[in-house]
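> Here is what each chain is made of, one letter per residue.
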Amino acid sequence: MSDLPTGPQVPDARGYFGAYGGRFIPEALIAAVEQVAEEYEKAKNDPAFTAELDLLLKDYTGRPSPLTDVHRFSAEAGGARVLLKREDLNHTGSHKINNVLGQALLTRRMGKTRIIAETGAGQHGVATATACALFGFDCTIYMGEVDTERQALNVARMRMLGAEVVAVKSGSRTLKDAINEAFRDWVANVDSTHYLFGTVAGPHPFPAMVRDFHRVIGIEARAQVLERTGALPDAVVACVGGGSNAMGIFHEFIPDAGVRLIGCEAAGEGAETPRHAATLTKGEPGVLHGARTYVLQDEDGQTIESHSISAGLDYPGVGPEHAWLKDTGRAEYRPVTDDAAMQALRLLSRTEGIIPAIESAHALAGALELGRELGPDATILVSLSGRGDKDMHTAAQYFGLYDESAQGENR
Amino acid sequence: MTSKLSQVLAAARAEERAALIGYLPAGFPSVEGGIKAVNALLEGGCDVVEVGLPHSDPVLDGPTIQTADDIALRGGVRITDVLRTVREVAAAHPVAAVLVMTYWNPVDRYGTARFAADLAAAGGAGVILPDLPVEESAEWRKAAAEHGLDTVFVVAPSSQDKRLAEVTAAGSGFVYAAAVMGVTGSRAQVGELAEDLVARTRATTELPVCVGLGVSTGAQAAQVAGFADGVIVGSAFVQRILDAGEDEPAALAAVRALAAELAQGVRSR
Numbered sequence: 001m002s003d004l005p006t007g008p009q010v011p012d013a014r015g016y017f018g019a020y021g022g023r024f025i026p027e028a029l030i031a032a033v034e035q036v037a038e039e040y041e042k043a044k045n046d047p048a049f050t051a052e053l054d055l056l057l058k059d060y061t062g063r064p065s066p067l068t069d070v071h072r073f074s075a076e077a078g079g080a081r082v083l084l085k086r087e088d089l090n091h092t093g094s095h096k097i098n099n100v101l102g103q104a105l106l107t108r109r110m111g112k113t114r115i116i117a118e119t120g121a122g123q124h125g126v127a128t129a130t131a132c133a134l135f136g137f138d139c140t141i142y143m144g145e146v147d148t149e150r151q152a153l154n155v156a157r158m159r160m161l162g163a164e165v166v167a168v169k170s171g172s173r174t175l176k177d178a179i180n181e182a183f184r185d186w187v188a189n190v191d192s193t194h195y196l197f198g199t200v201a202g203p204h205p206f207p208a209m210v211r212d213f214h215r216v217i218g219i220e221a222r223a224q225v226l227e228r229t230g231a232l233p234d235a236v237v238a239c240v241g242g243g244s245n246a247m248g249i250f251h252e253f254i255p256d257a258g259v260r261l262i263g264c265e266a267a268g269e270g271a272e273t274p275r276h277a278a279t280l281t282k283g284e285p286g287v288l289h290g291a292r293t294y295v296l297q298d299e300d301g302q303t304i305e306s307h308s309i310s311a312g313l314d315y316p317g318v319g320p321e322h323a324w325l326k327d328t329g330r331a332e333y334r335p336v337t338d339d340a341a342m343q344a345l346r347l348l349s350r351t352e353g354i355i356p357a358i359e360s361a362h363a364l365a366g367a368l369e370l371g372r373e374l375g376p377d378a379t380i381l382v383s384l385s386g387r388g389d390k391d392m393h394t395a396a397q398y399f400g401l402y403d404e405s406a407q408g409e410n411r
Numbered sequence: 001m002t003s004k005l006s007q008v009l010a011a012a013r014a015e016e017r018a019a020l021i022g023y024l025p026a027g028f029p030s031v032e033g034g035i036k037a038v039n040a041l042l043e044g045g046c047d048v049v050e051v052g053l054p055h056s057d058p059v060l061d062g063p064t065i066q067t068a069d070d071i072a073l074r075g076g077v078r079i080t081d082v083l084r085t086v087r088e089v090a091a092a093h094p095v096a097a098v099l100v101m102t103y104w105n106p107v108d109r110y111g112t113a114r115f116a117a118d119l120a121a122a123g124g125a126g127v128i129l130p131d132l133p134v135e136e137s138a139e140w141r142k143a144a145a146e147h148g149l150d151t152v153f154v155v156a157p158s159s160q161d162k163r164l165a166e167v168t169a170a171g172s173g174f175v176y177a178a179a180v181m182g183v184t185g186s187r188a189q190v191g192e193l194a195e196d197l198v199a200r201t202r203a204t205t206e207l208p209v210c211v212g213l214g215v216s217t218g219a220q221a222a223q224v225a226g227f228a229d230g231v232i233v234g235s236a237f238v239q240r241i242l243d244a245g246e247d248e249p250a251a252l253a254a255v256r257a258l259a260a261e262l263a264q265g266v267r268s269r
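As they're listed, the protein sequences go chains H and C. Going by full-length UniProt numbering, the first sequence opens with residue 1, and the numbers climb by one from there. Going by full-length UniProt numbering, the second sequence opens with residue 1, and the numbers climb by one from there.
Incorrect hints may appear among the rest.
Unchecked claim - If the Cβ cut is set under 10 Å, some of the chain H residues that face chain C in the computed set are:
1) E34
2) E38
3) S172
4) G301
5) Q302
To be verified - Straight line, CA to CA, 30 Å or less: simulated DSBU-like cross-link-like pairs of lysine-lysine:
6) K112(H) to K162(C)
7) K44(H) to K162(C)
8) K112(H) to K44(H)
What the hints assert, rightly or not - Quick look at which bits of chain C chain H covers, simulated, 3 or more residues with Cβ under 8 Å:
9) 21–28
10) 107–115
11) 132–141
12) 159–171
Since the hints were derived computationally from the structure, they do not count as laboratory data. Since this is a predicted model, take the numbers as computed values, not measurements. We treat Cβ as the ideally placed atom computed from N, Cα and C, and that holds for glycine.
Sequences are here, hints too, so could you generate the full structure?
Have a look at this one:
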């Protein structure tokens, strides 16, 4: 089920997807990153490793995740048939657990006893804290102070699971700065500690390894769509911050030339305004967090602070494989504003009884737009990467739900 | 031709002492103030200065240098200001070697060849790029060599011997040995790892080996000078300037005084 790829493929031996990727890290971390790469190569060829991971994915995570036809939502999407890949139904509430369990097993193989991680929305932090509880690892999660406020429920979940949550007060106090702080911890504690990186960014081998642990999303979904509809979908749509759920669902479809791959970036208040996180739409190639990729940056190569209502997409970089898929034209990336995402969140809630994460709502907004372009004959597969419980405070403020007059009015 | 940096380090060696290398970010606390502060490093007794090019994401720096970078960036420091700092300091101190230390992305964005040309034209002697490992550095090293710039690489206590040989073979000027595993910042003790790392590094190269990370006092400088070719101090200088607040003369006097204390240290091994 985990089906980790072992043949020749991108990236190359130095971790490059075309011009993107590589390993731009301090010398102090070279040995640790090489150890991760070597151990992962061994592990993915070890039947005992893949068997243990498969068992966890099945009995702990609850895989395979369902594929849901959303008829009432589809009516709003130009009549196109929309199918949701339900990563929100995984244990811990998002796709993040797929990668976390893989890297937790790897951590045990490496003989390390402490895990650190960054988190934006808190979904990766919760998944990591969960795995650390399961395996008995010490756990420290770095989270931007802004995000600890807007995702307070997930902070409480992580602490309930026994993790230490550090609110990062430097820089923009969001995901970018949480990653900086996690790297600082790792440099100082690398002997005992694995940095359980949560997205398909960072230095080689993280972009490829994290993608591989999430490939299960696309492998399952492709088979499920074929079985359900008798054909491949016309398009696969996913939200992209760092880009882990998108790489996970896209990867199996890359050889299917007729299937459009569409990533939805957070456009915040609009990609034409200064307040957005649309890295592939508005950024330029540079180096951030260990990899060459698209970066929101100024003329001097200083990172520009991103903005999104979604903490999980509020990131001025993106995984290098997405940069490569963009430049080769195999995938398309579209900006989705805060408002469009929030409207899609409410629409799915009220037409299907499914409250998505604000991150995933960006993909839903993208699917609504695409469905109206393609019309009723189209089939659109959407990665519903997470559930929205954590976002109820933000949504309540956005829609005024704490006000009694906001009740009722189902569409 | 022997590079400027090599000449300065050879001169210190000829005096049977370690060299003193001081770091301050450009633009801190202002561009003009920063130029004066870097000059004060040299007036106090540094042989080599590293001018920091502040970055928005200084992942290898502790809170002290992060604060200084923040102040510099909020003050609007640009790469052109960093190059002007190098130019003015190099002009005022023709005997000293002036390096730029920064993360890779600003150089990448400015343009590898353009940065090497402009730094050399400003009188710079070389660079330290701590997040550009040897295997990603070929294009930069080619540009640097064309303009007579040295490229100093960092080695760490975690570097294996085979790796040390690869890194020191690629570098020039000196080898920057990180005394501890961690980010920049003063520490009560300079790690025991440093002496072992210097010995292992020396086994791979004729280049001078200079030790940085955590050194902040004359006594620590003397201790490190006992086994290394140079002592690198950064955060302690930054802290002196932060402590002086708005009082620029006091800040410059404190920087000079610390440089003098450290200069004494590197001569008392």
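> Which constraints among the numbered hints does this structure fail? Numbers only, ascending.
2, 9
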